[in-house]
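Chains as they are written, first to last, in our numbering: chain W, 1 to 358; chain B, 359 to 518.
Rather than coming from a laboratory, the hints here were simulated on the basis of the structure. Every value quoted in this text rests on a predicted model; they were computed, and no experiment measured them. Treat each hint with caution, since some may be false.
[To be verified] To list a few chain W residues with every Cβ distance to chain B over 12 Å, as calculated:
hint : residue
1    : Asn35
2    : Gln49
3    : Lys66
4    : Gln110
5    : Gly130
6    : Arg158
7    : Ala164
8    : Gly170
9    : His189
10   : Arg254
11   : Ser271
[Said to hold, decoys possible] Below, a sample of chain B positions facing chain W; criterion: calculated Cβ distance under 7 Å:
hint : residue
12   : Thr373
13   : Cys390
14   : Lys434
15   : Leu438
16   : Gly439
17   : Leu454
18   : Glu461
19   : Val465
Every residue gets a Cβ at the ideal spot worked out from N, C-alpha and C, and that includes glycine.
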Amino acid sequence: MSSVEDILAAENELTHLLGAQQAVVLSTRIRLARNLDGMPFPGWAKLPQRKEISDRCIEALDALPKFRRGHVLRMGELGDRDRAVLVERHLVSKELAAGKSGAAVISRDQTCSVMVNEEDHLRIQVVKAGWHLRGTWHIAELLDDALGGSLKLAFSDRLGYLTACPTNVGTGLRASAMVHLPGLCLAGHMDKVSRALNQDGLAVRGWLGEGTEAAGNVFQISNQQTLGLSEEAILKHLGGWIKNVVEQEWNARRKLAQEEGEKFVDRLARSLGLLRSARLLTSSEAMNMLSHLRLACDMGCLPEERRHLVDRLMIEGQPAHVQARAGQELDSDGRDRRRATVVREALKDFPEVVPPTA
Amino acid sequence: MSQPIKCSLCEEAATVHLSQVVHGNVTKVHLCEACAQKGGATDPAVFQLADALTTSSPAPTLSCPKCGFTDIDFRKRGRLGCPSCWETFGDALDGLLLKVQHEASHVGRTPAGTLPTGQLRRRLDAARLEMEKAITAEDYESAARLRDEIAGLEKQLAPA
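Sequences are here, hints too, so could you generate the full structure?
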């Protein structure tokens, strides 16, 4: 079994943790950008230097208890499909997957993944299902301290952690929440919310990060500023806004359910019906219908304990995942057929949609 | 016909023209299709970086003694060559940092094992907030105690 197959098969934080999933916030993520002192950044380093950087970082990471029995994946040794699976799971970025000299060190439970030789030497990432800003930060902080103990990191007293790009220097911290906002989208308020967040220094992106569309009404909200604010202040700022967005989302949902009445339930019921009978299902169609099912679970129209299954289908319905599960390359029709089969199978014993209780 | 406007991030012809208001400052940027998609035209940081790269006046050519990276390279790539480049291009980068980050100095944590200035700074941040709160609540006794603590922390953090 290859490491990537192992990752796909393993029960993990985002797809299997029954009960950890929450309404609205799918996951919390912390990213820290770090570099080795005295070494050129990956984009400017020569091949032998990148090799040295990679060896030193992997050695240090491998020694940490957090990564015991984890995975060390060198991008140059993986096939296209395996790398695409890692991107779809947010374990590595598209940029890391596109290069040959990058690597990823991933903890057994897939909550921690460190990208080596991406734009910076080290990109520490910690992800937890649901909204857990403090807990997620605490894990990242411990990892950072452990790495700082074994590696000499590039740091300046005035500018903090030195990074390849000026947009990351200082704390190197990008804190984000993956939020599911069907209420605000259906009510047509998303542009307004997005603008307000942008104006207060937060970025709003689609499901797969920079430059991607918000399939399934899922957005990633993160801080922009990394310098001149303490980690504490950055987390507080993001936390305050997420709380606000979650409240606005609930208001939009309740208003919608109340004003639309039967129409609201009908929309969710139709999505379940379509997902249960479609023979061909495109990726974006699946995402948008699954978004309705997640909304139904949040609102009490479907049992809440089914929510983790919806989350799993959102992740496993992506193109590379569908092919990896099939164990073969599939053309577009083949993928749509396979996706429809997987979804149909998973939703077979779902109960009917009932009027909202939330 | 007039010369086409070039992309702020590469040399391609710009087809996406944007203005954005962030913290009350208007920024304008021109991007080619590829950079607009890649950078996310809605991402304020990328946006301001592109803006800073086009509007900052060309500096005399600087080269990093450690890795050979030049300011021309920076203009092309928007990324630096090595940690020492931050020192080499320090002055030139300060203006850019103020645009992209609105600040030019770090107040967060420090690597484990070095001086715990990060902790002192964190406490300083917190103490300042607490003092504001105490003043609002007219709790002048606490405010005075916090004022003394802040003065002490500032002294410890001042460069020797």
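Structure-based check of all given hints:
With a cut of 12 Å on Cβ distances, asparagine 35 of chain W falls inside the contact zone with chain B, its closest approach being about 6 Å. For glutamine 49 of chain W, the non-interface assignment is contradicted: its Cβ lies about 10 Å from the closest Cβ of chain B, within the 12 Å cut-off. Once the 12 Å rule is applied to beta carbons, lysine 66 of chain W is consistent with being away from chain B; the minimum gap is 15 Å. At the 12 Å boundary, the C-beta of glutamine 110 of chain W stays outside the reach of chain B, the nearest C-beta of that chain being 25 Å off.
The non-interface label for glycine 130 of chain W is consistent with chain B: the shortest C-beta to C-beta separation is roughly 25 Å, beyond 12 Å. With a least CB separation of 5 Å from chain B, arginine 158 of chain W falls inside the 12 Å interface cut-off, contrary to its annotation. For alanine 164 of chain W, the condition that its CB be more than 12 Å from all CB atoms of chain B is violated, with the nearest at approximately 4 Å. Against chain B, the non-interface label of glycine 170 of chain W is violated: not every CB pair exceeds 12 Å, the least being about 5 Å.
In this structure histidine 189 of chain W is separated from chain B by more than 12 Å, as the shortest Cβ-Cβ distance comes to about 16 Å. For arginine 254 of chain W, the shortest C-beta to C-beta distance to chain B comes to about 28 Å, beyond the 12 Å cut-off, and the non-interface label holds. A cut-off of 12 Å between C-beta atoms confirms that serine 271 of chain W is not in contact with chain B; the least separation is 28 Å. A hinted interface residue such as threonine 373 of chain B counts as satisfied when its beta carbon comes closer than 7 Å to some beta carbon of chain W; here the least separation is about 15 Å, so the hint is violated.
About 13 Å separates the beta-carbon of cysteine 390 of chain B from the nearest beta-carbon of chain W, more than 7 Å, and the hint is not met. Checking lysine 434 of chain B against chain W by beta carbon gives a least distance of about 11 Å; that is not within 7 Å, so the hint is violated. A cut of 7 Å between beta carbons decides the hint on leucine 438 of chain B: the least distance to chain W is about 6 Å, and the hint holds. Against a cut-off of 7 Å between C-beta atoms, the interface hint on glycine 439 of chain B holds, since the closest Cβ of chain W lies about 4 Å away.
At about 6 Å, the closest approach between the beta carbon of leucine 454 of chain B and any beta carbon in chain W falls short of 7 Å, and the interface hint on this residue holds. The criterion of a C-beta within 7 Å of any C-beta in chain W is met by glutamate 461 of chain B, whose closest approach is roughly 2 Å, and the hint holds. Because the closest C-beta pair between valine 465 of chain B and chain W is about 5 Å apart, less than 7 Å, the hint holds.
Hints 1, 2, 6, 7, 8, 12, 13 and 14, counting from the list given before, are not met by this structure.
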